[in-house]
Amino acid sequence: MVRPIFPILALLVSLMPSLALANTIYWQTYHRPPGVIMLGPETGNGFVQKVLQLIIARMPEFQHEMPMTSVSRAISDIRAQKNVCHPALYKTKQRNQFMYFSDAAIVSPSNRLVARSGILETYAQNNEIDLNAVLNANKHSFSLVKNRSYSQVIDTALANHKAQTHMHLMTHTDLTATFHMINLNRIDFTIVYPFELSYYLSQYPETKAQFKTFNIQGVSPFNYGHIACPKNSWGKTVINKINVILREIKNTPEFKLAATTWWREASNSAEFELYYQQQFMHN
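The working numbering applies: residue 4 is where the sequence shown begins, and numbers increase by one.
Honestly, the hints are just simulated from the structure, not real lab data.
Using 25 Å as the maximum straight-line C-alpha spacing, the simulated SDA-like pairs for lysine to any residue come out as follows:
hint: 1; residue 1: Lys149; residue 2: Asn139
hint: 2; residue 1: Lys259; residue 2: Ser205
hint: 3; residue 1: Lys96; residue 2: Gln220
hint: 4; residue 1: Lys94; residue 2: Val247
hint: 5; residue 1: Lys211; residue 2: Asn130
hint: 6; residue 1: Lys215; residue 2: Asn141
hint: 7; residue 1: Lys259; residue 2: Pro112
hint: 8; residue 1: Lys259; residue 2: Tyr278
hint: 9; residue 1: Lys149; residue 2: Asn218
Predicted model, so just to flag it, every value in this text is computed and none were measured.
Build the full structure now, drawing on both the sequences and the hints.
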């Protein structure tokens with residue numbers, strides 16, 4: 004018996020939207036220069052974006068969308084098991100409960116403490132600062148990005164001082180306003196990547212003397228982040244594919260150039276090359 008073709012076609016048509024959705028990755032990104040630049044003349048030239056484009060180019064079986072969102076929304080959507088991924092997150096115990104993580108995908112200098120010049124020098128030795136000593140003083144105002152992980156060492160120190168009235172949580176990830184507040188003497192310090200301050204100073208070079216950068220005691224000079232997707236079968240499929248791609252491209256000159264955009268000076272050091280080969284390549 005020959006089955007009518009029209010009901011089959013109707014079924015296929017009805018399934019097309021759900022099939023398209025399953026085949027689409029919504030990359031949850033937000034304006035966070037110079038990692039992700041979604042506004043202004045440098046749009047698309049963030050180093051996270053450049054790495055992500057190398058990966059996306061090798062995933063033609065998926066549709067890729069780049070909605071502008073926030074770090075809180077990105078994490079919330081992954082928790083809700085939507086078809087979304089984040090291109091650069093730290094692994095934490097909490098996130099491991101609802102996220103699959105790729106191999107190390109983004110490498111960069113570690114977070115630094117950036118303060119208004121003349122405020123925190125008494126806490127520093129050899130340009131390295133004890134973050135716990137600064138927080139224990141409980142007298143210095145500072146600003147952080149809500150839901151952002153700064154590394155396990157820094158997150159642990161901050162978690163022990165959640166009740167500090169001097170701490171201001173920001174929902175935006177563009178740190179221009181935060182650096183403005185330091186420059187205008189409204190807060191004393193923040194914790195950021197050094198290239199984030201460098202990007203700000205490229206826009207406001209006249210403010211350079213107002214800032215002092217410190218290494219944070221116990222934090223490695225470099226670190227790496229991961230691509231994160233929801234902890235379900237869809238997310239596992241995407242992460243497995245990404246891991247295959249990362250193994251193919253991580254040690255290529257093309258990848259290194261993309262990953263170190265905006266911080267070439269730090270990447271030219273022997274210390275970085277050692278970290279890249281011994282840590283980043285094997286995680």
